[in-house]
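Visitor: Using the sequences and the hints, build the whole thing.
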Amino acid sequence: MDTQKQTTRLLDAVLFREIWKAMKVTFKHMFHRPMTFQYPREKRTIPDAHRGALGLLRYDNGQERCVGCDLCEAACPSRCIKVISEEDKSLPLQRYATEFYIDITKCVFCGYCVEACPVNALAMTKMYEYSTHDKRTLLFDKERLYEIGEQHLEDAKKYLYAHNQEHDDEESRAYRYHFPQPIEKTEASDS
Amino acid sequence: MAHLEDQRETVYKVDPANPETKDLPILRTEELLLNMGPQHPATHGVLKVILDLEGERITKSTVVMGFLHRGVEKLAEYGTYHQFIPHTDRLDYVCAMYNNFAYCRAVEKLLNVTVPERAEYLRTIVAEVQRIIGHLFWLGTQALDIGAMTVFFYTFRDREILLDWFDELCGARLTTSWYRIGGVERDFTDSLETKIRDFLAYFPPKIDEYVVFLEKNRIWLARTVGVAVISAEDALGYGLSGPTLRGSGVDYDLRKYESYGAYPKCEFSVPVGKNGDTYDRYWIRIEEMRESIKIIQQCMDQMPEEGPVMADVPSVTLPPKNRVFTNLESMIQQFKLFSQGFDAPPGEIYCGTEAHKGELGFYIVSTGGGKPYRLKIRSPSFIHMGAFDYMAKGYMIADAVTIFGSYDIVMGECDR
Amino acid sequence: MGLKPVTTPDTEAATISLNIDGETVTAKEGVSLYDVISSMGKIVPAMCYHYTFDPFGSCGMCLVLQEGKKSPVRSCTAKATEGMEIRTDGEDLFAARKKAVEKHLSVHPLDCPVCDADGHCELQDMAFEHQVTDLANAKQKNIPEDTRSLVLDFNMNRCIACGECINICKDVQRIDALQFMKKGGFTQVVAKGDHALDCEFCGDCLAVCPVGAITNKFSKYVYKPWQLRKTTTTCNYCGDGCQLYVETKDTEVVRVTSPLSWKNKWGDRGDTVNGHGGICVRGRFGFQFIDSKERLKEPLIRNETGLVPTPWIEALDTTAKRLTDIKTRYGSEAIAGLITARCTNEELYVFQRFMRTVLGTNNLDSSARYGHMNFVRAMHHALGINRTMNTSADLTKAKAILVVGANVTETNPVASLRVKAAIGTYKASVIVVDSMQTNLAKLASHPVMVKPGSEGAFVKGLVKSVLAQDLIDPDATAQAPEALSALKAAAQAVSLDVVAAETGIPVETIQEVARIFAEAPRSVILCGEGIVRQPDGYNHTLSLVDLAWVTGKLNKPGCGINTFTEEGNEQGAVDMGVAPEFLPGPVSYAQAEARQKFSEAWDATLPDAQSGKSLVEILEDCRAGKIKALYLVGENPLGTLPKSFGVEEALSQLELLICQDPFLTETTHYAHVVFPACTFAEKDGTVTNQEGMVQFVRPALDPLGESVLDWHIMVGLSNGMGHALPYETTQDIQTEIRKMLPGYYNLGEPRPVVADAAAYLRNGYADSVRARYADGRVQESSRPYGLKLIQLIYHSGKLSTKASGLMDISPNTGALRMSLEECERLGLAEGGRVRVTSDHGSLELGVQADVNVLPGTCAFPEHFNEPPVKDLVRVVVDPVTHVPYFKSAQVTIEKI
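Chains as they are written, first to last, in the numbering used here: chain Z, 1 to 191; chain X, 1001 to 1416; chain F, 2001 to 2896.
Derived from the structure by calculation, the hints contain no laboratory data. These numbers were taken from a predicted model, which means no experiment stands behind them. Cβ atoms here follow ideal geometry from the backbone N, Cα and C, with glycine treated the same way. Be careful, since some hints might not be right.
[To be verified] If you only want the chain X side, here are some residues facing chain F, beta carbon under 10 Å, derived:
1. Arg1323
2. Phe1325
3. Met1331
4. Gln1340
5. Phe1342
[What the hints assert, rightly or not] Only pairs whose alpha carbons sit at most 20 Å apart, straight line, appear in this in silico SDA-like list of lysine to any residue:
6. F:Lys2098 - F:Val2073
7. F:Lys2170 - F:Asn2264
8. F:Lys2249 - Z:Tyr96
9. F:Lys2263 - F:Val2044
10. F:Lys2263 - F:Glu2247
11. Z:Lys5 - X:Leu1221
12. F:Lys2798 - F:Glu2294
13. F:Lys2643 - F:Ala2624
14. Z:Lys43 - X:Arg1159
15. F:Lys2217 - F:Leu2228
16. F:Lys2263 - X:Gly1368
17. Z:Lys21 - X:Leu1221
18. X:Lys1294 - X:Glu1267
19. Z:Lys106 - X:Glu1073
20. X:Lys1048 - X:Tyr1390
21. X:Lys1274 - X:Glu1215
22. Z:Lys142 - Z:Cys107
23. F:Lys2230 - X:Gly1370
24. F:Lys2249 - X:Tyr1078
25. F:Lys2895 - F:Glu2822
26. F:Lys2141 - F:Gly2185
27. Z:Lys43 - X:Arg1157
28. F:Lys2141 - X:Thr1326
29. F:Lys2170 - F:Thr2425
30. F:Lys2042 - X:Gly1368
31. Z:Lys82 - F:Lys2220
32. Z:Lys106 - F:Asp2250
33. Z:Lys28 - X:Val1212
34. Z:Lys89 - F:Lys2220
35. Z:Lys106 - Z:Leu138
36. F:Lys2069 - F:Lys2079
37. F:Lys2042 - X:Pro1346
38. X:Lys1216 - Z:Ala13
39. Z:Lys5 - X:Arg1218
40. X:Lys1393 - X:Leu1033
Guide: Written as structure tokens, this is what we have:
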């Protein structure tokens, strides 16, 4: 080991040079804009693809999209969805969800239900502030889910678009998809 | 780092046969049993270690695991293969993408599904981003555990950028579930590509910044150099993998040896340590971040511009959503896949993937049908904890935190 | 096609060998090629095939390549022949099958999300399996849904015209209620003549429909298959003991299915002798009583204000105290108990043990007393066995079947399919002797429509005719020549002409029937409520034994005498000794060593051998004030027996009436204590069907509210009375039954029985036979019409009236059923009213024309008490078996 190197090492040790180097970096950061922001006064910009709270959607004419097919319940990895369906006697061949629950305390926000939904009735929104003092209110029922869907309709549509659930953003806004094809009922004449 | 010696040799001991040796002060010597954890901030979750102490030296340590056991492997038997992906997010919850990747790769191997080229590149990029996140996380917490607070802030700052990028990519920062069996959930958008390119330019200087804080810092050196030394044979014997193994000088990296994803098309080197101590493992992780940047850079350049991101295997992969609305056959595909899952061929498969912690393996036994008959996860954290007693023997209590920190353990993965 | 089973009991088909996929297999000549392939374990997709009926060949999926033929052949309709070389796999076949699936898919609506079959749909499976991804020219049918039927909705948009529904209806059910019809440019399945479906509503069409074209109205759109939890259990509605899958979602029953499904399509046609796995209308659509709102949910105890909900512990304690009090004050003889035969074997066993050891009384009886006991006692007396002699498979394979007074289709619908299979598949001669135009009579080769109440006389006529035509089997009668001569002597009293006059059947027919029955190699007698529930049922059953004996049909394989039970576990009630004359086994209660054995096992003294009262005596003693406490488990004597029998007075005399029932009944109005019991869907245990098969009943749901299993209540009471019965689980009881009756469960197979008439023929046969044949005359009545209380296929007892589904299908019309001719003769239009008068009362009733009712007869379903037609009937009690007969009366009918 040559003397030069030894001297450097000795000086390094005595002068705490590595500490000064590090302190230099630290001091440099004093002139940076802070990386943190003041939540809740400031809020993050949330990307369109964000998987937030689920909402149920309606067609533009106000009809519920959900037909109660229960595929979301089957797809859900955490079994947090419960659909109870029934025949809508007023409409031809119509099935609809009489009750629709999402236990948001169990939900893992994987978005599989949205992927599964064959009518795009479900979408995730950018809503994430729903903490509460009462855990019971975290069982979102059909009414609440439609409410979320209405309040965050634009976000929901953006979500569907971002996740390739809807290919044309414009198209998704149109009332283009009736389900199922209307079939008139036979009059119960002979019975 | 040249004068390393096994400190176990020099452990201060009272000669039991001759306790009243004159040279030694007369001490009341009694073995002390110390429960470290499960409620301990440095145990990375809920790990409990029972330490047999002699003074401050560890003579024996018993690792008590299972505080975070959630029966994930059993859960897998009750859902379709597809449904298990979100569960893998919660194994190593700081690096969900790699778990997804490892799992999807295992199922693809079972099903013999080939992933489209673009998807392979995307997967590799995201996996390497995840590796950077993992190492940043490790670096921050390890430094914090040892006492260097500043590094923690800087690594978390940069990790935050990538997590936000994940958010934009898949909708979640941690529980990503972006990988799918046969591909990935969605393609990069232009904005994502720009952001990752920006990051590639931004990040390398930052690595140098972290190094400034640690590389020569005398406390850091004192706490890492020569701590938890494990020889190459022992490391192999204990089944260690990843940086922990490479730190001992074994050049073993599945990215090279199994050549999955787009790795074979990229040029990168695998940093290998010499001494098998904590410092080497730190150094490897730093170097791996630099290599990851290279890999991402190469992938971004080589990646085909267009192309599908999901394999087109109707019996396994979902149909495009717009077809589900209008075509019966796609609708049927959608319903069958979500309600019953795909029909996996009977057989068993093991597939290991080089996660940033080590080899993350999935062992799947299928008896046909939509659900695995048995799924076993070879999680590096768990395997590494097996070597803890050996590696901690003779070191101080304060080193215990460094040692299991140096494996980069996450109890979610360890206990499963 | 003639792909009926080629091997029948009479003929053996030739064995051929053929080559399938390079493997040489042997098969019977003439069977379907598909069957041969599936017997190798290879699954060739097929959507229109089901082993229970003839191949139809419409789906075009089961294609295989035959060496030497250019294009693929349909394996289902092709017959296996010697030396065939078949290939079942390959790219080309896959492509051909894929084409076939695409054809079906191209006209299928985009209905999966709403369709009930989604997830249990063969079309889905096939499309997925064949990886159909790109369909050209999909078009919609837009056919309106046919919702006219009461239970089934037909959505012909989803139909793939596989014809399974039509075929199973035609070939298995032999009802033929469905047909194809070209309508609106598409071939559709419609009810015959495009009317609203009106059939037995067995729902087999629903079960085999591979898509969602036929939908169950009661569960339409409320479920998806993956939500349901399936419990395999045994139906409780009749003695057939069909296997049910009760499918539940949370706490409600969504639907009931059975092993019959398009999913179980592989099998050999010959397997159908073991049943086709289907169920009847009651099992499939009559499940609503299980989670009915009317169910009792908590114990009730009567105080001044009426029945008041009381906590279990208090209710049990009060009841136990009051029972103990009555026992100490009046003695054990003052307590009696009745149990319904819908309970499980374990409950019946605990009940009789509870009555005999804890209460110390032998006054106990079950609802088997209403008729089945006649058959059991007769068989016990004559042949030393306690149940039917044949298995269901024997019925199907029989060459001649004599159905006497059994409206099998209505009482035991699935058992009737065995007879139908014998008619259709094996071409058996079936002789139906009945006073109703029953469903079987319409299919039978020899329908013999006798005057009401003369079935017994007809049997005697048959015996006489056998003797007269010398159709006697020499081997069978050789062992007891003196008995034969006694029978011959006794039969002198019977004149065929008199029988002909009584029954309204010409002598030649009687002779012919006797000949057919005696000459067939395998003859089976089936008797039902027309014998065992009619006056003199015991003796008539003995006459049937005579007939079987002289013709040598007692000990030959495939021959025997059988009956049908109405309630799910009547046979079990007998086997478990829930009758004063029997101990579990059943062994006679009078047998000292049997009593000794049970008394040791139970560590208690049993009541005296002479003690014990049966149902009728119990009620009479209640009326007389001798019995002070009555424990009714699921029994409702007030709703069952006619008013003239005085049940009301009897019950109001009691100091303590304990009713244990899932529902409030007529009887609970008099109850002091009402315990909420469970239905079969909540129970765990076994039931014994009429064949003697012990089958499992498994809990599909948790007990509703605070209702509790019947045996739990009994054990609770025994605890309260200080004689705790040592049972904690159903398995404890089963272990004891296994110990006491070795081999009873017999792995769910009927225990073999051997009829031995030797002792019976030797001891006292001559006297009894003389007495039986001497008095054969039906008493002439001044009232011209025979009123029959009949059973409907849609109902079983009173239980089914709690099932809303069955009440929708068959509501109480409150109308008397009369034949068309009679209606015309009386000048009655639909909705006309008549006054019906019997010796016991008079009633105004509506009238309903019923093609099944013969002229000179009128009928009313026994399931309904409103209007109280049952009160027109008088109870006649059998002198030997104490069976109360109250199912028929002579009435006059006037138009008003």
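Visitor: Hint by hint, note whether the structure agrees.
Guide: Checked hints:
1. Arg1323: 9 Å, holds
2. Phe1325: Cβ of Phe1325 of chain X sits 8 Å from chain F, so the hint holds.
3. Met1331: 5 Å, holds
4. Gln1340: Hint on Gln1340 of chain X: holds, closest Cβ of chain F at ~7 Å, below 10 Å.
5. Phe1342: Holds. Min distance 9 Å.
6. F:Lys2098 - F:Val2073: 15 Å, holds
7. F:Lys2170 - F:Asn2264: Holds: Lys2170 of chain F and Asn2264 of chain F sit about 19 Å apart, inside 20 Å.
8. F:Lys2249 - Z:Tyr96: Cα-Cα ~17 Å, so holds.
9. F:Lys2263 - F:Val2044: Holds: Lys2263 of chain F and Val2044 of chain F sit about 13 Å apart, inside 20 Å.
10. F:Lys2263 - F:Glu2247: 16 Å, holds
11. Z:Lys5 - X:Leu1221: 19 Å, holds
12. F:Lys2798 - F:Glu2294: 14 Å, holds
13. F:Lys2643 - F:Ala2624: 16 Å, holds
14. Z:Lys43 - X:Arg1159: 19 Å, holds
15. F:Lys2217 - F:Leu2228: 17 Å, holds
16. F:Lys2263 - X:Gly1368: Holds, at roughly 18 Å.
17. Z:Lys21 - X:Leu1221: 16 Å, holds
18. X:Lys1294 - X:Glu1267: 8 Å, holds
19. Z:Lys106 - X:Glu1073: 19 Å, holds
20. X:Lys1048 - X:Tyr1390: With Cα atoms ~16 Å apart, Lys1048 of chain X and Tyr1390 of chain X stay inside 20 Å; holds.
21. X:Lys1274 - X:Glu1215: Measuring from Cα to Cα gives roughly 16 Å; hence the hint holds.
22. Z:Lys142 - Z:Cys107: 15 Å, holds
23. F:Lys2230 - X:Gly1370: 19 Å, holds
24. F:Lys2249 - X:Tyr1078: Between Lys2249 of chain F and Tyr1078 of chain X the Cα gap is close to 18 Å, so the pair holds against 20 Å.
25. F:Lys2895 - F:Glu2822: 11 Å, holds
26. F:Lys2141 - F:Gly2185: 9 Å, holds
27. Z:Lys43 - X:Arg1157: 17 Å, holds
28. F:Lys2141 - X:Thr1326: 16 Å, holds
29. F:Lys2170 - F:Thr2425: 12 Å, holds
30. F:Lys2042 - X:Gly1368: 16 Å, holds
31. Z:Lys82 - F:Lys2220: 18 Å, holds
32. Z:Lys106 - F:Asp2250: 19 Å, holds
33. Z:Lys28 - X:Val1212: Cα-Cα ~13 Å, so holds.
34. Z:Lys89 - F:Lys2220: Distance ~11 Å between Lys89 of chain Z and Lys2220 of chain F Cα, so the pair holds.
35. Z:Lys106 - Z:Leu138: At roughly 9 Å apart (the allowed maximum being 20 Å), Leu138 of chain Z and Lys106 of chain Z satisfy the hint.
36. F:Lys2069 - F:Lys2079: 15 Å, holds
37. F:Lys2042 - X:Pro1346: Holds, at roughly 17 Å.
38. X:Lys1216 - Z:Ala13: 10 Å, holds
39. Z:Lys5 - X:Arg1218: At roughly 17 Å apart (the allowed maximum being 20 Å), Arg1218 of chain X and Lys5 of chain Z satisfy the hint.
40. X:Lys1393 - X:Leu1033: Holds. Lys1393 of chain X to Leu1033 of chain X sits at ~14 Å (cutoff 20 Å).
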